[in-house]
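Given chain A's structure and the hints, the job is docking chain B onto it.
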Amino acid sequence: MTDVHTLAGAYVLNAVDDLDRAQFSRHLAECPACTAEVAELTETIAALTPATAETPPDRLRAAVLARAATPQLPRETRRAPRRNAAHWQRWLAAAAAVVVLGGAGAVGYTIADHSRSGTQSAAETRRIAAVLAAPDARMQSVASGDGRVTVVTAESQNAAVAVLANLPSPGPGHAYQLWVIRDSNPRSVGVLAAGRTDATELFSGVRGAQAFGVSREPAGGSVDPTIPLVAELPLA
Amino acid sequence: MTTEPEQTRQQVTTTPVDVDELMSQVADGDQDAFAALYDAVAPRVYGLIRRVVRDAALAEEVAQEVLVEVWRNASRFDRARGSAAGWIFTIAHRRAVDRVRAEQAATERERRTARASVPFDDVVEEVTARLEQHAVRRCLDALTRVQREAILLAYYRGLTYPEVADRLGAPLPTIKTRMRDGLIRLRDCLGVSWR
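These protein sequences, in sequence, are chains A and B. For the record, in the first sequence the residue sitting at position 5 is 5 according to this note's numbering, with numbers rising by one throughout. For the record, in the second sequence the residue sitting at position 27 is 27 according to this note's numbering, with numbers rising by one throughout.
It is worth saying that the hints were derived from the structure and are not from the lab. Nothing here was measured: the structure is a model prediction, and the numbers come from that model.
With the C-beta cut set under 8 angstroms, the calculated list includes, among others, these residues of chain B facing chain A:
#, residue
1, P43
2, N73
3, R81
4, A85
5, H93
6, Y155
7, M179
8, D181
Using N, Cα and C, we set each Cβ at its ideal position, and we do this for glycine too.
So that you can see chain A by itself, here it is in the shape it has in the complex (with noise of 0.2 angstroms):
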């Protein structure tokens, strides 16, 4: 699946053959995560559209509108079965309960009090329960102050979950910034809001990466992070 997965940003780009097309395509049909990510970066995509964006001649209003005088295709009578929230919510559940077996406290009550809040995306909720529910999901977490992060890494999903929680006040004016670092090269993969002290964060990006991390940065982060850091876990 990971490498049809990696298709994902061609596919939403058209920058593939037909062939690539039909094979992902199929493979979206059978991924509620690709689905969610394919109409995710589709919107992306489209706040490019006001960039380019031009008056068109008159006569293609005059002409499309004539068009439009012709009949619409029928509705489809048939659709695939949707998934719903509860679906997906149900699922949060599960995979939030397998962390808390596994020794994460944290985790489960954080991301479940999320679900309930209806903090995240419907989609971002999917994609965080989707790495908790991976096959290959690893967990570690380190104290911090009275608080404490966790990361749960999937790293045949390319992507992560960090639970900070009762984390100490930043102070006036800070924020908590989350570094991936690869190389010895952090690279910002979130700013909380100032003061914010507790967060559930999903991030890409984690795969050869060697460590994550945690920093107190003035508001609104910073580009490179300060040292020493507030949290450090391994990921490789």
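Just chain B, lined up with the frame of chain A:
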């Protein structure tokens, strides 16, 4: 790109209408809703196609096909799988790319060379200049050079990822990965979600 009057830019970049709502009315055969939908998306559809096919007359022809296809297939649009705008721009881009590739096949290498020889920096410069006021600009800047060029070459030149790899002198798997990484980073930067 600065030659365009500011007013035109404003007009074509803001869409106060709810495209999804219009789309559901269009699916019921509502022609007035379709006219409103046209006004909301046509500048972005036409502009995108024109960027890819690089010829105004051809862009007009392809845009017409696309917009009529949107009308005819309106009932096939599935809100659960994404936004109406995303669906429409996907069709527009696909048809534009198909056209470019069909022409390329017709005139084979000659055409391919001509297409590849258009200075790529022009595309990047032009697009990013128009995005000056957008969050998208900052997010594109945050990509690595290879991520950004791979995405823009595929999107605005209609190149396949093997062609992009060839153009950038990078291995195939790298380009495939960079396209995805880059879009994911763009998504996270823009805070895009579809539900």
